[in-house]
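Participant: Going down the list, the protein sequences come from chains Z and D.
Residues 13 to 327 in my numbering are what the first sequence lists, from first letter to last.
Residues 13 to 327 in my numbering are what the second sequence lists, from first letter to last.
Hints listed in this document are in silico derivations from the structure and should not be mistaken for laboratory results.
Ideal Cβ positions, reconstructed from N, Cα and C, are used throughout, including at glycine.
Be a bit skeptical, because a hint or two may be false.
[What the hints assert, rightly or not] Chain Z regions said to be covered by chain D (calculated; three or more residues, Cβ under 8 Å):
| no. | segment |
| --- | --- |
| 1 | 98-109 |
| 2 | 134-145 |
| 3 | 256-266 |
| 4 | 286-298 |
[To be verified] If you anchor each label on the Cβ, the simulated ranges turn out as follows:
| no. | chain 1 | residue 1 | chain 2 | residue 2 | range |
| --- | --- | --- | --- | --- | --- |
| 5 | Z | F269 | D | D174 | 32 to 40 Å |
| 6 | D | E227 | Z | G36 | 41 to 49 Å |
| 7 | D | G57 | Z | G36 | 53 to 61 Å |
| 8 | Z | R235 | D | R94 | 52 to 60 Å |
| 9 | D | K135 | Z | R304 | 48 to 56 Å |
[Claimed, not checked] Just a few of them, taken from the derived set where beta-carbon distance is under 7 Å, the chain Z residues facing chain D:
| no. | residue |
| --- | --- |
| 10 | D205 |
| 11 | L271 |
| 12 | S273 |
| 13 | M282 |
There are 2 protein chains.
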Amino acid sequence: MPDSKSHLEAIEAYLTNLQDRICGSIESQEANTRFREDAWKRIEGGGGRTRVLNNGSVFEQAGVGFSRVSGNTLPPSATQQRPELAGRSWTALGVSLVIHPLNPYVPTTHMNVRFFEAAADGKDPVWWFGGGFDLTPFYVFEDDAEHWHAVAKEVCSKFGVDRYARYKKWCDEYFYIKHRNETRGVGGLFYDDLHEGGFEQCFEFMRAVGDGFIEAYLPIVERRKSTPFGDREREFQLYRRGRYVEFNLVYDRGTLFGLQSGGRTESILMSLPPRVRFEYGYMPEPNSPEARLSDYLKPRDWLAQNVSNRTQSHS
Amino acid sequence: MPDSKSHLEAIEAYLTNLQDRICGSIESQEANTRFREDAWKRIEGGGGRTRVLNNGSVFEQAGVGFSRVSGNTLPPSATQQRPELAGRSWTALGVSLVIHPLNPYVPTTHMNVRFFEAAADGKDPVWWFGGGFDLTPFYVFEDDAEHWHAVAKEVCSKFGVDRYARYKKWCDEYFYIKHRNETRGVGGLFYDDLHEGGFEQCFEFMRAVGDGFIEAYLPIVERRKSTPFGDREREFQLYRRGRYVEFNLVYDRGTLFGLQSGGRTESILMSLPPRVRFEYGYMPEPNSPEARLSDYLKPRDWLAQNVSNRTQSHS
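With the rest of the complex left out, here is chain Z:
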């Protein structure tokens, strides 16, 4: 662990730069629409900059937030893994984003990288990293999901042979809508409580995930953004966005912790889709493209096919 202040400065410098680069790459897809920024402060300590782009030609809404906040008393709900830290002072830094494209053939996505540190009596502070990225298509193109997972695996590759498999599984388990018996989308990476390998390696992994996100998502946007669509696809997208709302408000620990701990409501709920539809008893037509989505909303080994293709081409 480096000096107790400089590591926070290093993380902040990376995260604010990451936010800039992500917003730049989103804006690069738009002719005229730009992010607007709200800088905010938190009474207990710290603040953030929330950036939202609305009504673009490609992105109906993109929210990319940076925050660095601190508090005097960690609530017990934040320390399920480490109850002994309840009540300690803490600092959290992170970048979090949710992107809701206009075209239903472009998937929704979410990415988050975060660092958490809690004071420990007379010892070095306790710290951990968390984060990941996941993809929520309305119409699944297997190419896109394979590319997404290939980048996820590449991001993990230099951090141990099983890291992709572990974080991919964790992602499937975390983004699971229990009352629908389906995953939120086709997954990606999710990790929390990461401290293995020491601070420097964990921080390097944060950077790999943050940088990898752009590489994972932008090519999919490029590929799908011009696909023609009509009311049918739009209505299906609005309906499926309802599941996003259900997950975020019923299950997402980050959202619930944020709302319960007096976080900045507008920044927390910028994850919610700009327009949504709920429909009692909706069932897609059998064998329609809309019906096929459910085949993909369960854990799946997205890279198995690639591996087997590669094996075949060598045989």
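Mind docking chain D on chain Z? Use the hints.
Facilitator: Frame of chain Z, contents of chain D only:
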């Protein structure tokens, strides 16, 4: 307490008739649109009939559900007030409704009446009633809210002098969106764990609330359903419906208990509005009709003005 079966039959007979009457009064506002019914069974025991009307000229969606369900093991989350009952077998009967009108000048409303019974070792079963009704306008007409609360008070009048005041307060406290620091609407009645006065009186109160709902809501619909509106009012309605989603998915105990205990998801979530809009950082124009709503989203003594008018007219 009457014989252990006949009281359940009496409650069921009242509730199914109430569902019929409410659906009839909703349909009486529509030229051609009718409820469709799904009858369903629950594997563990019991079932229900869920009725939904969609895309009416007055009601964009109305969901009115009856259910009678039973289980072998009460989850602890259902017995916060009586932890000694956890694990017992139970039966629950209720009618629950949420109505989302098309015209933004007609308020959204929710009503629920329910009965709960849990087995108790070697003793009479433990039972209680719960329910209430509440109103969520987008544009507040004080006349409407006063009428609503006058009926609520009348419903309570023969059950004790303080009952309206207690249940009105409980409603304000229950339908409170903490992260927005506002009530969900202008309130009404909310009660739970009701057993005071004995079974017969409690059942009579259930009937007073159920019957009172029609008398409270229909005149407001009649008064406002033909008010002209445009995109501005519609967009505001869609935005405010987002708060309804936030409350129901983050705070509503009935919704969360239902989803967590393996209830019928479609029936539980028929409370969600058919179309919704979320907007980061939305602020109504100062002094606009939209801005005035927030003045009403805090507890208010709706009948004080009437009392003082009446007093004045007598003086």
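Participant: If a hint holds in the structure, say so; if it doesn't, say that too.
Facilitator: For each hint, the structure was consulted:
1. 98-109: Contact hint for the segment 98-109 of chain Z vs chain D: violated, 0 residues under 8 Å.
2. 134-145: violated (count 0)
3. 256-266: holds (count 4)
4. 286-298: Since three or more residues must qualify, the claim that chain D covers the segment 286-298 of chain Z holds, with 8 doing so at under 8 Å.
5. F269/Z with D174/D: 32 to 40 Å: holds, 38 Å
6. E227/D with G36/Z: 41 to 49 Å: For G36/Z against E227/D, whose Cβ atoms are near 60 Å apart, the range 41 to 49 Å is violated.
7. G57/D with G36/Z: 53 to 61 Å: Distance hint for G57/D, G36/Z holds at roughly 58 Å.
8. R235/Z with R94/D: 52 to 60 Å: Distance hint for R235/Z, R94/D holds at roughly 57 Å.
9. K135/D with R304/Z: 48 to 56 Å: 55 Å Cβ-Cβ, so the 48 to 56 Å window holds.
10. D205: D205/Z check fails; min Cβ-Cβ to chain D is 25 Å, beyond 7 Å.
11. L271: Holds. Min distance 4 Å.
12. S273: violated, 10 Å
13. M282: holds, 5 Å
Of the hints listed earlier, those the structure fails to meet are numbers 1, 2, 6, 10 and 12, in rising order.
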